[in-house]
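**Student:** Whenever a hint applies, use it, and build me the whole structure from the sequences.
Protein sequences, first through last, are from chains A and B.
The numbering of the first sequence is full-length UniProt numbering, which starts it at 1 and goes up by one.
The numbering of the second sequence is full-length UniProt numbering, which starts it at 1 and goes up by one.
There's no promise every hint is true.
Said to hold, decoys possible - Straight-line C-alpha distance at most 30 Å; calculated DSBU-like pairs for lysine-lysine:
#, chain 1, residue 1, chain 2, residue 2
1, B, LYS746, A, LYS277
2, A, LYS205, B, LYS125
3, A, LYS190, A, LYS178
4, B, LYS120, A, LYS178
5, B, LYS236, A, LYS277
6, B, LYS122, A, LYS216
7, B, LYS120, A, LYS216
8, B, LYS755, A, LYS277
9, A, LYS276, B, LYS606
10, A, LYS237, B, LYS125
11, B, LYS606, B, LYS654
12, A, LYS277, B, LYS182
13, A, LYS276, B, LYS190
14, A, LYS276, B, LYS755
15, B, LYS120, A, LYS205
16, B, LYS190, B, LYS236
17, A, LYS205, B, LYS122
18, B, LYS670, B, LYS85
19, B, LYS182, A, LYS276
20, B, LYS58, A, LYS277
21, B, LYS746, A, LYS276
22, A, LYS237, B, LYS122
23, B, LYS620, B, LYS190
24, A, LYS276, B, LYS620
Hints were generated in silico from the structure; no laboratory data involved.
Each chain, written out:
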Amino acid sequence: QEFRRVFFLFLLKIICSLILEAPLAAQSSAMVSLHLVPRLIALLLLLPGRIRSSSPVFNSLLSDLQGDPELEERCRDLLRDFGRRYESYVKCAVPSARPVRICENCHIQFEMLRVVYNNISSDQADPENCRDSLLRADRLMLVYMLFQNLEDVWDVAHCSQCLSGDGLSNITLRYMAKLNQSLSCFESQKNNHSELCRVCRADYKDLNEFYSIMEKNQTLCIDIEDSMNATRRLWSKDFNCSFPREETVPVIAVSSFMLFLPIIFYLSSFLHSEQKKRRLIHPKRAKSNNSLMNIQDKHS
Amino acid sequence: MANITKRVSWSSLCEDRAPGEGTALLDDTPGARRCRRQEETLKQPNEIPHNEKLLSLKYESLDYDNIENQLFLEEEGQMSPMGFKCVEISRWVICGLIGFLTGLIACFIDIVVEIVAAYKYKIVKRYIDQFVVEGGLCASVILWAILNSAFVMAGSLVVAIFEPIAAGSGIPQIKCYLNGVKIPRVVRLKTLVVKVFGVICSVVGGLAVGKEGPMIHSGAVVAAGVSQGRSTSLKKDLKIFEYFRRDTEKRDFVSAGAAAGVSAAFGAPVGGVLFSLEEGASFWNQMLTWRIFFASMISTFTLNFFRSIYNGNPGELANPGLINFGQFESGAYKLYEIPIFICMGAVGGVLGAGFNALNYWLTIFRIRYIHRSYLQVIEAILAAAATATVSYILMYCSDDCQTPGEHQAVEYPLQLFCPDGQHNSIATVFFNTPERSVRNLFHNFPGSYNSLTLFLFTFTYFFLACWTYGLTVSAGVFIPSLLLGAAWGRLIGNLLTNSGVSIFADPGKYALMGAAAQLGGIVRMTLSLTVIMVEATGNVTYGLPIMLVLMTSKIVGDYFAEGLYDIHIKLQSVPFLGWEAPATSHSFTAREVMSSPVMCFNRTEKVGTIVDVLSNTSAKHNGFPIVSDFTTNEPGRICGLILRSQLIVLLKHKVFVERAQLKQRKLLLKDFRDAYPRFPPIQSIHVSQDERECTMDLTEFMNPTPYTVPQETSLPRVFKLFRALGLRHLVVVDNENRVVGLVTRKDLARYHLGKHGLEELQLAQT
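**Tutor:** The following block contains the structure:
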């Protein structure tokens, strides 16, 4: 039993450290969404682990020795509530990992989770309060850590930039509308790519420009970034609508003309410019007494 | 060996000289020597194309040695201990000012470059983006090339017309100055202004150049100006710091200014001090070093402070240098990587030697054929246009597209033909200021550049940088070398990472080592460069690998070619004295080295004689031994030494024995200082026929205790005296203390160890 417990704690620690390291590894925005997946899966794994770890024998012994019920009923309720909301959030988040829709789909669940966590952490009235007994009673501080990890995920995803009040912001909704317009255009023309490029260019360009503006104003969240990445990939790679390299001849002509100029310049200055000559000056030296030795004599 | 024999002329030309040819270093004093003719001497051509084996007459020595004449001793005697303390304090104040102003100039250059370059890149980017969509891309090449050429033309015109000495990085010139050679106009205010403007133009003009080297020159000019308390160009005299108006003090301050420049350029105060020690200050002591360090610190702090204000968060001191390599997150390397680093050092040495050799030929060509200023400007313009074109072709042909990362914003991403949302990878190095490109190469995450891109970049940039160094624009070679090295270093890193062995994780680290190797291979600095690189990255752990890399690159590079700065010093025909006399020169004695016979004066000399000697254009001597018992046949006994500049001041003030009663006051040391450093030429001093008959008493003004050596002194010994004491003239005497010759810097500098043993350089008029 004890061995199992220790082993489990060890496992927990590894998982937690993995979760903490994850944001450091995520470097490209395209990669961010992929990195969310293992983190969320890890969190999901944690849930049953936490419940299973409370072995009845261990607990009853301890509470017997301590003499008093170790948790007030009020705090136990809060903890239970936290667990339920945590579960519902993670249940929402994991399916929204690919394609990333976490901000759009789960912001309600996250808000609820945040409320209950705030209730726990703001409960600090009497000395036996729930904040201390739930959040900081032990080294692990599991509740704190679980919530913190989720909050980190939320921050890395920049979800708050797409939300306003209790729903998606106006800009986000407008973006979604434009995105749907483009995608439906793609859908309607998907059999003929060259036709698609021509017909949908206006919609796509509109979307692209709107996205650039949002990028500048920093109103992007991971959902939007990911959907835009996917759309761009569709446009450029799958439908091959990028601009072709078609002006090779004039560019090469102009460039070789430019590169030819220096050669002409150097040749002409070599041929026409007068070479610079230096006038030598012969200094006077004293005559050596023994002989007129020079370097060669001395060294041969 | 045979050709050397021919070039060496031990005896003079006296018997055979055609009338009016008077090119001898020391002009005739009748009958003072026995001449023998050597057959070879006459066969020498009098005009030869410029080459590296010449010494130019236009460079003179600094008077580092104090002239301890009576005036000086009297003045020193009058100074109280308190006065000396004040002098010491004002030295510190000056060093602080030097640091402050240097930092300010660095900040100014940086900000202007940033603003103008951002403007330029935005315009070009807009047009390129537009032309990709609408067609007509060749118009954007022309636009880019014309914009670049316009900037470069402005910079190059200013340099070529107003101050040619401001061309290049200025480090060779400062090196010479600190070595004790007076390079004309090198530390003037005008040079500084031209330099600053030129640097801004050439960096914004997109040439393969950096603004770091010129910072060192700027720092030196600031130092030379501030320490004098006046500007001769502006004709403003603040009447302060008069004590420092002589070469000794000025040269010390210039070494502080050079250090401050390095420190502002790289955010490396210790590196700056070491640079001064390594490259320049032959004469330094603990107090001077401490002051130099102070100037360096102030300089980097000033830059940091004003940059923080510019960036909108005053007081947040995060940008200590013009270039900041940025800290490497994992400051670690593995033991097994050291051999790889050493190999990279060797590669850097070979590439650096290649660079130097190529640049050597190019520079010779430039000196011989492109010596008119309009040609120089055209050359610079063509180089700017070609740089833009080559960059453009590479960007156009490249298929390497990258997704911008989360943590690294690309400043001017060019999409060109990449899929949407991605940008052209080679454009991040070409379409950017070089400093930014270096940082990208160091820090972008693995996989940001594919190997072909890096190879193409290295290949083209090598030739571009080599071509650019030596153009008539103010620009340094530090950043291009770093960029070049970072590119191939990263290429090696990429190859290692892709080799399937997972132990080589970070190509950025290899980029750093490559940069160090390349820079070391080109400029061959050791101690100071190690410290600069370590300070600029902020990773002390990289100290050892960087040191090993620089050592290897220097050893390998020296095997093939000299350092770039040394090559340029040689090509400028500067009489530069190395640390030691050439290795095989022990068999030479002072007798063979010296110039003889010497033009001497009596203690009381006729004004007419002095004026005649001074205005002799064929032999512009600067030091004249004062002798007693001076007869026409036998040289006299030495009793002092007087300089041309002193004589000129004396003539100007008409300190004649016959006019003594008319003079209101005695001449003071101050009168000499006021004329310093631009003593008027002798032609501007009018001496009437009447005055020519007067006499001058030189006793009071001459240096009564000049250094002398016997004729048998060996060359290395003479050399050591020159180097250690900073001498300008060394009188050679016989055993009765009679003057037989005079050794000057040019007499010593002409010996150098070439490929075929000891060679002798020739003097030439340039």
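**Student:** Need the list of violated hint numbers for this structure, in ascending order.
**Tutor:** 4, 5 and 9
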